[in-house]
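Participant: Required output: the full structure, derived from the provided sequences and hints.
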Amino acid sequence: MLAVGVVGAGVAVVTLRNIIHSAVAMMICFGSLAGMYVLLGAPIVAAAQVLIYLGAISVLILFAIMLTQAGDATVPAPYHRQLPIAIVVAIGILALVVWAVIQTDWGGAADVVGAGVDAIATALFTVYALPFEIISLLLLVAIIGAIYLARRPEEDERAN
Amino acid sequence: MPSLEGYLVVSALLFSIGAFGFMARRNAILLLISIELMFNAVNLSLVAFNAYLAPADNAGAVFALMIMAVAAAEVTVGLALVIAIIRTRQTPEVDQYADLRE
Numbered sequence: 000m001l002a003v004g005v006v007g008a009g010v011a012v013v014t015l016r017n018i019i020h021s022a023v024a025m026m027i028c029f030g031s032l033a034g035m036y037v038l039l040g041a042p043i044v045a046a047a048q049v050l051i052y053l054g055a056i057s058v059l060i061l062f063a064i065m066l067t068q069a070g071d072a073t074v075p076a077p078y079h080r081q082l083p084i085a086i087v088v089a090i091g092i093l094a095l096v097v098w099a100v101i102q103t104d105w106g107g108a109a110d111v112v113g114a115g116v117d118a119i120a121t122a123l124f125t126v127y128a129l130p131f132e133i134i135s136l137l138l139l140v141a142i143i144g145a146i147y148l149a150r151r152p153e154e155d156e157r158a159n
Numbered sequence: 000m001p002s003l004e005g006y007l008v009v010s011a012l013l014f015s016i017g018a019f020g021f022m023a024r025r026n027a028i029l030l031l032i033s034i035e036l037m038f039n040a041v042n043l044s045l046v047a048f049n050a051y052l053a054p055a056d057n058a059g060a061v062f063a064l065m066i067m068a069v070a071a072a073e074v075t076v077g078l079a080l081v082i083a084i085i086r087t088r089q090t091p092e093v094d095q096y097a098d099l100r101e
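First to last, the protein sequences are chains A and B. Numbering that gives the first Met the number 0 applies: residue 0 is where the first sequence begins, and numbers increase by one. Numbering that gives the first Met the number 0 applies: residue 0 is where the second sequence begins, and numbers increase by one.
If you are wondering where the hints come from, they were derived from the structure by calculation, not from laboratory data. We put the beta carbon where it would ideally sit given N, CA and C, even for glycine. Careful: at least some of the hints might be erroneous.
[To be verified] Some chain B residues close to chain A (C-beta under 7 Å, calculated; not the full set):
#	residue
1	11
2	18
3	19
4	23
5	39
6	53
7	75
8	97
Facilitator: Following this line, the structure appears as structure tokens:
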């Protein structure tokens with residue numbers, strides 16, 4: 000059921016003509032993925048999925064769409080001219096990965112044991128403390144970069 | 000009862016959908032959305048591997064959280080770039096960005 004939600008919404012994202020509908024389908028896809036994380040016994044990942052993807056990234060993308068779209072967002076020709084190549088390559092990737100998944104013997108994969116939130120937090124702040132700090136530095140750099148890119152050019156400021 | 004193979008096949012489907020969208024669509028913002036789909040496909044496979052194959056350590060979940068943070072940084076900078084490009088070019092369609100070719 001959740002898989003149908005994920006894949007169906009994913010197909011809708013790349014096929015719908017109106018990009019706002021695509022963004023809403025993306026939110027449905029990410030919400031279904033959060034449900035799958037709960038089923039996989041990783042509630043902290045599901046919570047982060049809802050907070051970051053459903054909350055932050057979706058709103059950011061919807062803002063960007065509404066900032067850039069003038070009038071009707073439905074486009075007559077949404078596809079690039081390399082559409083046939085894209086279909087072939089995507090089906091090729093899918094076939095390769097599915098073939099590898101089926102061929103491999105995943106031994107002892109029977110039950111899902113939920114990873115506790117406290118265990119993940121302990122791992123995050125002991126074993127993975129250095130990547131955690133690097134991530135915070137990366138986020139700081141991304142904030143500064145986004146502010147720099149989104150700033151209006153100098154002559155606009157003088158004109159205002 | 001869902002199995003590891005089921006999750007991995009869903010992940011592969013989502014990844015190829017994202018790859019298809021990235022190659023076939025013309026809108027620059029939709030290319031970023033497609034990249035997010037591929038990030039999520041990888042996250043799903045990592046969490047599934049963690050849950051089924053190595054439930055003792057939480058490397059998969061931690062890695063998925065790290066990927067989410069990197070994806071957030073990526074989409075922030077990417078959207079700022081896309082908005083700046085759309086503001087100068089007046090179009091979101093990537094096949095009209097041909098300045099380097101001329």
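Participant: Of all the hints given earlier, name the ones this structure violates by number, lowest first.
Facilitator: The structure breaks hints 6, 8; every other hint is satisfied.
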